[in-house]
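Could you put the whole structure together from the sequences, leaning on the hints where they help?
Take a look at the letters that make up each chain.
There are 2 protein chains.
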Amino acid sequence: MWQNEKYESVPLDVKGFDEDHSKGHGDSEYPQHEPSNTQKTDEAPRHSNQWPYFQDGKRRIDYVLTYHVQKPESTHKQSSHSCMRSFCCRCKKAKASAQEDPELAAQEERLDYHDDDQRLRREEFEENLHLMGLQMEKDEGNKIPGVGFLKIHAPWEVLCREAEFMKLKMPTVKKYQVRTGNDIVEKIHKFMHKVTTPLRPKVGINGTENEKHLSYPFSREKQHLFDLSDRNSFFDSKTRNSIVYEILKRTKCTRAKYIMGISSLLGSGIYTAAYPLHDGDIDDPQAESNDRKLLYEEWASYSIFYKYQPIGLVRKYFGEKVGLYFAWLGVYTQMLIPAAIVGVIVFLYGCATVDDNIPSMEICDEKNNITMCPMCDRVCGYWKLTTACGTARASHLFDNAATVFFSIFMALWATMFMEHWKRRQMRLNYVWDLTGFEDSGGKQKSHPRAEYEFRVMKKSMRKEPAQKAVKDKLTCRDRMPAYMTIVIMMCFLIFVTLAIVFGVVLYRISIQTALLMSSTPSFRTNIRATVKTTAAVINLIIIIIMDEIYGAIARWLTVLEVPKTDKSFEERLIFKTFVLKFANAFTPIVYLAFFRGRLIGRPGKYIYVLGSYRMEECAHAGCLMELCIQLCITMLGKQLIQNNLFEIGLPKLKKLLRRRKMDKKQQEELNKTLQRHEKDHFLGPFVGLTPEYMEMIIQFGMVTLFVASFPLAPLFALLNNIIEIRLDAKKFVTELRRPIAVRAKDIGIWYNLLRGLSKVAVIVNAFVIAFTSDFIPRLVYQYMYSLDGTLHGFVDFTLSQFNVSHFQPGTEPINPMHLGYKVEFCRYKDFRDPPGSDTPYDFSKQFWAILAARLAFVIIFQNVVMLMSDFVDWLIPDIPKDISTQIHKERNLIVELFMKEEQGKKFRNTLSDPSPQQLRSRPSSQA
Amino acid sequence: MWQNEKYESVPLDVKGFDEDHSKGHGDSEYPQHEPSNTQKTDEAPRHSNQWPYFQDGKRRIDYVLTYHVQKPESTHKQSSHSCMRSFCCRCKKAKASAQEDPELAAQEERLDYHDDDQRLRREEFEENLHLMGLQMEKDEGNKIPGVGFLKIHAPWEVLCREAEFMKLKMPTVKKYQVRTGNDIVEKIHKFMHKVTTPLRPKVGINGTENEKHLSYPFSREKQHLFDLSDRNSFFDSKTRNSIVYEILKRTKCTRAKYIMGISSLLGSGIYTAAYPLHDGDIDDPQAESNDRKLLYEEWASYSIFYKYQPIGLVRKYFGEKVGLYFAWLGVYTQMLIPAAIVGVIVFLYGCATVDDNIPSMEICDEKNNITMCPMCDRVCGYWKLTTACGTARASHLFDNAATVFFSIFMALWATMFMEHWKRRQMRLNYVWDLTGFEDSGGKQKSHPRAEYEFRVMKKSMRKEPAQKAVKDKLTCRDRMPAYMTIVIMMCFLIFVTLAIVFGVVLYRISIQTALLMSSTPSFRTNIRATVKTTAAVINLIIIIIMDEIYGAIARWLTVLEVPKTDKSFEERLIFKTFVLKFANAFTPIVYLAFFRGRLIGRPGKYIYVLGSYRMEECAHAGCLMELCIQLCITMLGKQLIQNNLFEIGLPKLKKLLRRRKMDKKQQEELNKTLQRHEKDHFLGPFVGLTPEYMEMIIQFGMVTLFVASFPLAPLFALLNNIIEIRLDAKKFVTELRRPIAVRAKDIGIWYNLLRGLSKVAVIVNAFVIAFTSDFIPRLVYQYMYSLDGTLHGFVDFTLSQFNVSHFQPGTEPINPMHLGYKVEFCRYKDFRDPPGSDTPYDFSKQFWAILAARLAFVIIFQNVVMLMSDFVDWLIPDIPKDISTQIHKERNLIVELFMKEEQGKKFRNTLSDPSPQQLRSRPSSQA
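Quick note, the sequences are listed as chains B and X, same order.
Residue 1 is where the first sequence starts when you use UniProt numbering, and the numbers rise one by one after that.
Residue 1 is where the second sequence starts when you use UniProt numbering, and the numbers rise one by one after that.
Simulated from the structure, these hints should not be mistaken for laboratory data.
Mixed in with the good hints there might be a few duds.
Since copy identity is lost for identical chains, a pair holds within one copy or between any two.
[Stated by the list, open to error] Pairs of lysine-lysine, DSSO-like flavour, derived with a Cα cap of 27 Å: (1) Lys532 with Lys605; (2) Lys900 with Lys252; (3) Lys167 with Lys730; (4) Lys881 with Lys249.
None of these values were measured; they are calculated from a predicted model.
Below is the structure:
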């Protein structure tokens with residue numbers, strides 16, 4: 001959410017700052033704000049070395065803002081202030097400070113305008129924060145030169161107030177029994193629990209699963225409902241952070257002509273960073289156990305890759321949004337297991353039946369003396385079909401009846417996955433007490449981004465003053481240039497993608513032709529494989545490079561667009577990135593699957609590109625094999641390179657470089673003396689979950705879209721994801737600053753993208769089976785043309801005849817006697833009328849019949865699978881039954897609780913005639 | 001929520017009642033419960049003749065329960081009681097009453113067991129109601145013999161308490177400005193408002209549209225937020241009713257072995273009816289204006305059919321659920337206007353181009369001397385194609401390029417409609433303050449129905465006592481018989497539907513053949529039209545009859561199934577009814593569209609049914625014409641008969657019959673003396689909105705599913721709906737008891753059904769255009785076979801040749817010289833190879849090419865339209881922009897309100913150092 005990366009720097013020399021130009025430094029003169037007595041008693045620190053505290057060792061640091069300090073002022077080491085100045089007295093104080101320390105004042109005077117203005121704004125902001133009840137402490141440039149820290153603490157009253165506003169559901173004192181169902185279900189559940197015990201991470205959360213605290217939106221008026229005995233731990237660190245962040249968001253800085261919230265302040269560099277603190281160290285063996293360390297040990301480790309993730313703990317530490325991402329990733333990975341198994345079985349089925357496959361047997365059979373037309377003009381000779389034996393056999397691995405089954409299976413799998421996730425999400429919502437909580441998006445939605453406000457301001461400054469009263473906004477006309485740029489740029493980029501694919505095709509054609517022309521015969525057999533593989537690798541490299549470029553361009557375009565809110569920024573960015581990355585990853589594959597080999601013309605009337613290059617043909621057994629190779633290389637390569645190189649390698653390299661700067665000992669020394677907020681300062685900022693999700697979505701596309709041609713895709717995806725989970729976990733626990741806990745009920749736009757993909761997958765798979773594979777022609781042959789109902793004669797059926805005398809002049813082979821005999825008719829793979837018919841070389845009746853069959857298959861496949869998916873969707877309830885029972889039970893318990901309270905109240909208050917019945921009906925409500 | 005109608009009568013002779021068998025009548029001895037003083041002041045009646053009140057004229061009647069009274073006890077006329085007896089003292093009191101009035105006691109003794117038990121249960125229930133704070137008054141058998149009334153009043157405290165529990169959003173004192181957008185939008189809005197003023201109903205609600213009360217869930221702790229100056233009108237009658245109903249649902253009668261709620265009590269006849277009261281009379285001209293009268297004048301009248309509906313008032317009077325139904329019906333009707341207009345234009349386009357249509361010109365052209373093969377065996381002779389001229393011309397009306405456009409239009413229209421409705425619903429949710437309100441379904445879901453509980457009880461009684469502790473439920477095994485019955489029954493019914501269609505087909509074939517054989521030649525030309533029309537009428541009559549039968553069977557099957565909750569009962573009933581009614585309405589149409597004329601074989605090899613009947617052929621120009629006639633008759637007939645006869649005619653008839661029993665004067669007399677609750681007693685009970693919705697859904701199916709063949713369908717639907725709205729309105733206002741106001745955010749399952757239908761419509765229309773119409777063959781001919789790119793020669797292209805010598809022996813025409821010349825080759829409509837080719841009478845290349853084109857069209861049409869629909873769906877935001885702005889604004893205002901309050905509180909309470917800044921920032925919070 002409030003990610004506010006890449007803000008355009010707000011121009012600070014806008015008019016209106018001139019007047020307020022004060023010189024005073026004035027930070028160090030603020031009286032230290034003493035915490036009131038009540039706070040002292042409330043917040044006695046329990047583990048003073050575990051959590052980070054203020055200088056007084058009592059108030060916990062809930063949030064840190066950093067800012068730029070001009071130079072390390074060693075004299076002002078660790079000066080703590082609470083900012084309580086009002087603007088009216090700033091000038092006075094500034095003067096006062098100048099009088100106190102003339103040298104400092106002189107230094108200050110040299111500070112430029114900009115810097116001073118920044119400080120003033122900070123001061124105003126901090127004042128406003130103080131008004132909201134937050135307590136602050138400053139820590140300027142002690143160990144880390146040039147960086148000032150503003151540590152923020154939220155006292156108990158503020159926490160309570162905000163929790164009430166945010167309608168945070170907190171556990172009440174009342175517990176209730178969670179029943180999974182009837183006896184048998186319960187037993188199975190227990191048994192499963194026992195079996196999976198070694199797979200469970202050792203975190204304390206799973207302990208008392210049978211009891212759950214009834215939770216209720218926190219309200220100070222109903223404090224008696226909650227267990228407030230330990231005020232320090234009632235709100236956990238995640239909640240405290242998000243409460244402080246909520247206040248930060250709401251607080252505005254009104255000094256400038258336009259109102260600035262925290263994100264504008266961050267964007268314009270007035271504050272450089274804002275982050276909550278991690279719970280503690282991970283690598284300190286003496287350190288007390290904390291959630292971060294527990295996560296490091298029980299989650300972010302490759303050695304426990306086979307275990308479930310401690311999602312509850314992840315959520316407790318990072319908040320719901322991050323928790324949901326990892327839960328989703330976990331569900332996806334888990335669901336990949338059956339898909340991978342079935343995929344491997346399908347592949348093995350292909351391997352096992354390769355010798356029984358009649359068409360490939362016929363191709364390999366030397367007795368079927370089939371002479372094929374030359375593969376290129378002039379230099380290539382006629383060739384015998386038996387030489388394609390190897391490819392034909394290999395093709396069968398991916399092109400058999402099991403493939404059709406597998407694509408139906410995967411379409412249903414995708415639906416099952418979505419359903420399973422919906423249920424899991426619902427369960428998590430219940431366990432995490434989010435059931436009553438309304439969309440988190442609502443509020444965030446309408447906080448305009450700083451850039452947007454800046455643009456609006458610029459626009460309104462251009463206007464007449466009379467019009468200023470009306471609240472401005474960017475109209476379509478204002479945005480037209482940006483929109484035009486985006487449309488043009490997107491079209492251009494997609495054109496680039498297409499051009500690249502075409503370039504690779506040309507590369508393949510030209511290299512192949514060149515090799516065919518020059519090479520010795522012994523070389524030729526390997527030509528295809530070489531060209532194919534190099535082309536695929538080139539494709540891969542281009543994809544990976546363009547991926548990064550497109551990512552950057554998409555961001556740039558979105559910045560150009562100036563969306564109003566963070567949410568719309570994110571959505572637009574995701575949309576653009578998705579379109580570009582998707583086009584990038586899938587264009588070569590789509591070309592291979594649907595266009596390659598379709599546009600070649602026929603012998604005697606080939607289609608040429610760039611003068612004399614004939615378009616690519618597919619191998620005799622269809623393009624499926626090549627599609628498969630391409631997919632395999634893209635998937636494996638992309639995952640290996642992107643994961644290992646970018647995600648593991650680069651950070652390691654960076655660390656190494658950083659380490660080289662200072663020797664190890666010094667570093668360790670520093671590490672020990674550094675405080676929590678300083679340590680966290682060195683970690684990378686959290687940039688949102690978009691890249692993680694995007695990577696997974698593209699992978700999901702690979703797994704589902706062309707699964708008909710590559711049944712091993714789920715296996716590869718599974719292997720990758722097992723690493724991916726722990727990799728991401730490591731990154732979150734060790735390498736990034738702690739993200740702000742964001743409440744979320746679902747994974748938002750990503751769910752829709754997944755849904756969309758799984759819908760598209762059905763159609764794509766239908767087309768792959770119908771058009772790319774030979775499944776339909778085989779079926780048609782078997783049931784319409786075969787004499788004995790088998791595939792014998794299928795190869796002959798698929799080959800049309802060509803009279804070599806019909807070659808266009810200059811394209812006939814130079815060496816017609818290449819095979820040792822004179823060729824009169826050569827064969828080519830197509831369904832065309834023979835040379836002797838009324839309509840020579842026209843598409844034959846078979847062609848149209850097969851086309852009709854292919855199309856009919858597409859219609860049937862698409863609609864049947866969609867119907868089945870909808871049926872599965874309808875069959876599986878979105879809310880698991882036990883959860884809906886529990887939710888209902890919880891609701892009843894709350895009504896009961898209040899009815900009791902109600903009756904208690906009624907009794908205590910005036911009651912005209914307390915009849916005995918009424919007394920009876922009030923059991924122990926006065927307790 | 002906790003509703004549970006239609007209980008199976010609960011056996012009252014269960015053990016456990018024997019001991020409690022008391023004889024006393026005891027009703028009249030109860031002390032009248034005096035309303036407390038506070039209530040008296042609170043609820044001073046303002047218009048005592050407007051609303052119905054208790055005997056004291058002060059407490060308003062919010063709800064009425066009726067029950068059976070053995071005989072009219074005229075001596076006890078109008079005895080008012082509040083039931084405050086406890087069970088322990090019942091026997092004593094019964095005895096006391098016996099002592100007081102020995103005659104009465106003797107009478108009582110004659111009362112049977114059953115009756116007595118019922119009274120005891122009622123007493124317990126009423127006691128429990130009293131404990132909940134409700135006040136009651138009894139009115140037994142005064143004017144209406146045999147019926148006792150229990151009038152219920154909810155005092156202010158109860159209303160407040162329940163409103164808090166139900167989280168009812170009530171308007172606060174704070175108002176805010178509703179801004180529609182910027183200036184231009186505002187102006188347009190105002191202009192539109194002005195233009196549509198005559199279309200608006202004259203109800204006071206639309207007055208101050210620019211201001212809205214901020215609403216907030218009612219809470220007694222925040223009473224100061226609400227305007228409680230007039231306690232009588234703070235909760236309107238609808239809210240009061242639903243609050244009382246809420247309490248009734250929650251209250252249980254625990255005397256029997258199983259707990260009974262109000263619905264079980266109703267189901268077992270302990271109470272005979274439960275209804276809230278209407279606001280007042282409609283036909284009394286002197287009566288003060290009330291909402292009901294206003295509705296009658298400004299809504300339930302045919303004379304204002306062109307006006308908008310006063311939806312706000314409908315909701316205010318009937319509650320959200322009914323309001324949503326009428327809003328939906330309104331939106332649907334409104335959306336039908338453009339569809340009807342476009343449909344008429346498409347039809348007119350067909351009319352206008354009928355003379356330019358080349359194929360029909362060719363058919364009508366006498367010069368094209370085409371001899372067709374005979375239409376039946378032996379008796380029919382060869383015929384000339386020119387005789388089919390009229391049909392061909394008529395076919396063009398419905399089978400032209402505009403039809404394709406229209407079906408795409410209608411698919412998008414359906415999407416637009418759904419989107420428009422979603423937005424409207426959202427807007428209504430906002431205006432009706434339902435935005436925060438969670439699903440009402442949640443609670444309803446889990447209240448088991450009485451029948452279910454009864455079944456469970458029966459089951460648990462069969463069990464060992466040891467097992468009784470476990471809460472029973474019906475397992476799959478218990479339900480297996482019911483499920484089996486349902487499956488078998490449903491299959492059987494669908495089979496019946498198919499059989500009926502087949503029967504009608506046979507009727508058509510046999511009659512046609514009979515007529516062809518017997519009739520004089522002059523007769524023959526009219527044969528087709530006669531047979532077609534009679535068959536369609538027969539079909540219609542069967543559909544209407546079966547509709548009623550299927551409705552009854554679906555209900556019976558659902559009762560058999562014993563669903564657990566009312567919600568699931570409703571859903572299962574809807575599902576079954578939908579499947580059956582849908583199959584019933586659409587099977588004949590589907591047969592006509594897709595099967596008729598496909599299974600006829602070819603000359604010389606016809607397919608025969610039942611011995612010697614050849615299957616039906618279509619007219620030369622395709623079956624579209626016949627499909628159109630069928631649709632037209634079904635739609636018009638169904639609407640006319642069902643609406644006018646069943647919905648208008650029958651109630652009128654009933655009324656007439658009822659009136660005949662007593663003469664008019666007497667009736668008027670009675671009408672004047674009757675009190676509100678007695679008048680309402682004579683009205684029909686409200687049976688839910690399911691039949692209304694179902695009727696509309698079937699109509700929606702007619703409009704969208706086969707719209708490709710019948711562009712006038714939207715017009716017919718529009719005309720019907722204009723009547724339907726007012727008809728339903730009249731029914732709700734005048735003929736039914738007031739329904740209990742149910743909160744609902746959406747129209748529930750109906751939305752999904754609509755969505756499903758509009759999806760199916762895309763596919764069905766694709767198939768109708770591709771296969772039923774001649775659109776694709778024309779296109780293929782024009783672009784692949786035509787010599788000059790026009791349709792000239794198309795008729796010849798569609799006709800295959802048949803060598804008459806190839807007729808099977810015994811099927812050739814008796815009179816081969818019928819046309820006056822010897823026929824060697826006759827033509828028939830199909831794409832088959834000519835007799836002279838290698839494969840005579842096999843499907844030709846053209847056949848396969850056209851088939852491929854048809855299938856390709858289906859794929860393209862389906863996917864393009866689906867994509868466009870999804871795009872439209874995505875393009876139009878679900879929440880109107882102004883509404884989302886308003887919602888956000890409202891939320892901000894609430895936070896602001898509370899922050900102010902908060903700061904006010906903080907100031908009043910302890911505050912360690914009130915700095916001047918803090919004082920400044922608190923504007924008038926103490927006021």
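Verification of the supplied hints:
For a Cα distance limit of 27 Å, the shortest separation of Lys532 from Lys605 inside one copy, 25 Å, qualifies, whereas the shortest one across copies, 54 Å, does not. With identical chains, the CA atoms of Lys900 and Lys252 are at most 27 Å apart between copies only, with a shortest distance of 16 Å across copies and 44 Å within one. Within a single copy, Lys167 and Lys730 get their C-alpha atoms no closer than 32 Å, and across copies no closer than 45 Å, so neither meets the 27 Å cut-off. In this homomeric assembly, Lys881 and Lys249 come within 27 Å of each other (Cα to Cα) only across copies, at 23 Å, whereas the closest approach inside a single copy is 39 Å.
In this structure, only the earlier hint numbered 3 is contradicted, and the remaining ones agree with it.
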